[in-house]
Structures are given as structure tokens and as C-alpha cells.
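Peer 1: Sequence:
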Amino acid sequence: MSSDELTILAVDDEHTQLEDLARLLRSCAAVHAVECAFGGHDALLKASSQAYDAIFLDVRMPDLDGVELGRVLTRFASPPQLVFVSAHDAAAVEAFELRAIDYLRKPVSRRRLEEAIERVVAAVEAAEAQPSGNGRRARSQPAPDSEMVAVSGARAGPTRLINRGSILYVQSHGDFVRIITDDGRYLLRTTLNEIEHRWEAFDFIRVHRQYVANLARAVELRPLFGGTAELAFPDGQSIPVARRHVTDLSRRLGV
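Residue 32 in this note's numbering sits at position 38 of the sequence shown; the count goes up by one each step and never skips.
Derived from the structure by calculation, the hints contain no laboratory data.
Cβ atoms here follow ideal geometry from the backbone N, Cα and C, with glycine treated the same way.
There could be a bad hint or two in this list.
[Claimed, not checked] Estimated spans, in silico, between C-beta atoms of each pair:
{"hint": "1", "residue 1": "Arg245", "residue 2": "His35", "range": "53 to 59 Å"}
{"hint": "2", "residue 1": "Arg245", "residue 2": "Asp14", "range": "51 to 57 Å"}
{"hint": "3", "residue 1": "Pro56", "residue 2": "Thr241", "range": "30 to 36 Å"}
{"hint": "4", "residue 1": "Arg17", "residue 2": "Ala236", "range": "40 to 46 Å"}
{"hint": "5", "residue 1": "His35", "residue 2": "Asp14", "range": "17 to 23 Å"}
{"hint": "6", "residue 1": "Asp83", "residue 2": "Asp14", "range": "32 to 38 Å"}
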């Protein structure tokens, strides 16, 4: 199955919402077939007997909720891509931990659904490019530099998933950190120390007591008076670099 012929399983415990979601999915050009599962247990049975490119699953279901189902699915030898669908934001953190492709809020708009499908296609294409020992297309979780991060709008807007590779830098912001990307600012309830520790392997480095920078996105290190510096990013954005970090940063950037 190629990436422009997706096979998708839609899961919900409410018939009307399940039918609406399936109808929207079938209207997408990249979707080849959509099957429906009424509840988590039905979905698990179907996913155990047939491979799907992606599973769009409701979060709150009485028999086996979406998060529990997602945890089981990620243990499959060839796990499908996961897209959570919910009227609530409560499971956004769990979705991030499970490396979900997207997190859609009900009622699902066509624009957001098409964005999710585009992400599924990109993930499937990446999997197709990987070697597979049995000649079949290998499905895999997103690469570490394309992991999705669950964030809120800067004004406490709805939860959404953003690509970690799109992040320019992270700034401390009270009980949260502020995530700055190419196209916006978002909030994440964590600490800058936690970000520094968890993302160090992906070229995120502490450059100031209030900033962690994504070195992969930096474009210039500019020395300043007093031994300090500033780190520049696309579109003219920049952040301060403390004196004690300048030498290490210069070494890592090769300047």
C-alpha cells in the first residue's frame, strides 16, 4: 500500500460521531479505505487481524479508552500511526508520550483532518524509505527529530501537537515554558531544566538561565560587549547567551 492509498481505522463508541468521522476521512484524496470500530475492544480485534496505516481513535470510551488502546497498539511489531480525536484536552500529554501524529478536537473540521492526513502521509513515506527485511513496507514511529509536542496556545488556547524540529528556542515562563516556533508561541507545563535534560540528545542546549536553544535552527552567534553574545534564528529572532555558555557554544557551532 502506497502513501497515497491509506488504509485507516476509525474508532468511536458513539455511532453518529463514528459515521461522521468515517465520512470525512473517505472524502480525503489520500485515503484508500476506511473501516470502523465501535469501541476499543472492537478496534483491538480488527487491528490484530489487519494492518492499518493509521488509527483515528476517540479518547473517552467505556470499555477500553483511547489512551489504553494506544499503549497496546504501540507494542505491535508494525504499529499504526495514531491520531487522537476528543472533545477534551485531558489526554494531550499521553498523546505526546505515545508519539501520536496529531490530536484533533471535536467537532473535527475538514482543515484539521486534512492536516492530520498530511502528517500520516509524511510518516508513511518516511517508513517506506526504510529498509525492510521481509520486503513489506516497514511502519515505524516518527524519528526523534520529528516527534510531536503537545502544547497550548500562548493565551491558553486549545491543545495542539507541533513538530519538535520546528522549535527555535524555549523560554522559562513561570510554571510553564514558552515554546517559540517559526509560526507561533505556545505554552508547555514543564521546567526549563526538564527540557534541557530530555532534549539534550536532539541539539537543544542551555545558553542562558532563561533559555534553551535548538542549535539545529540557529543561524548566527553574535559576540557582544562584556563577553556575552546573542544567538540568532530565522526571521530576525535572537536570544541572549550568558558569558559562561559562550565558549562551549562557540565550540559546538564550530566558530
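Peer 1: With reference to the structure, classify each hint as holding or not holding.
Peer 2: Against the structure, the hints come out as follows:
1. Arg245 to His35: 53 to 59 Å: 55 Å, holds
2. Arg245 to Asp14: 51 to 57 Å: 55 Å, holds
3. Pro56 to Thr241: 30 to 36 Å: Violated: the Cβ-Cβ distance is about 58 Å, outside 30 to 36 Å.
4. Arg17 to Ala236: 40 to 46 Å: 55 Å, violated
5. His35 to Asp14: 17 to 23 Å: For His35 and Asp14 the Cβ distance comes to about 22 Å; the hint holds.
6. Asp83 to Asp14: 32 to 38 Å: 20 Å, violated
Comparing the model with each numbered hint stated earlier shows that hints 3, 4 and 6 do not hold.
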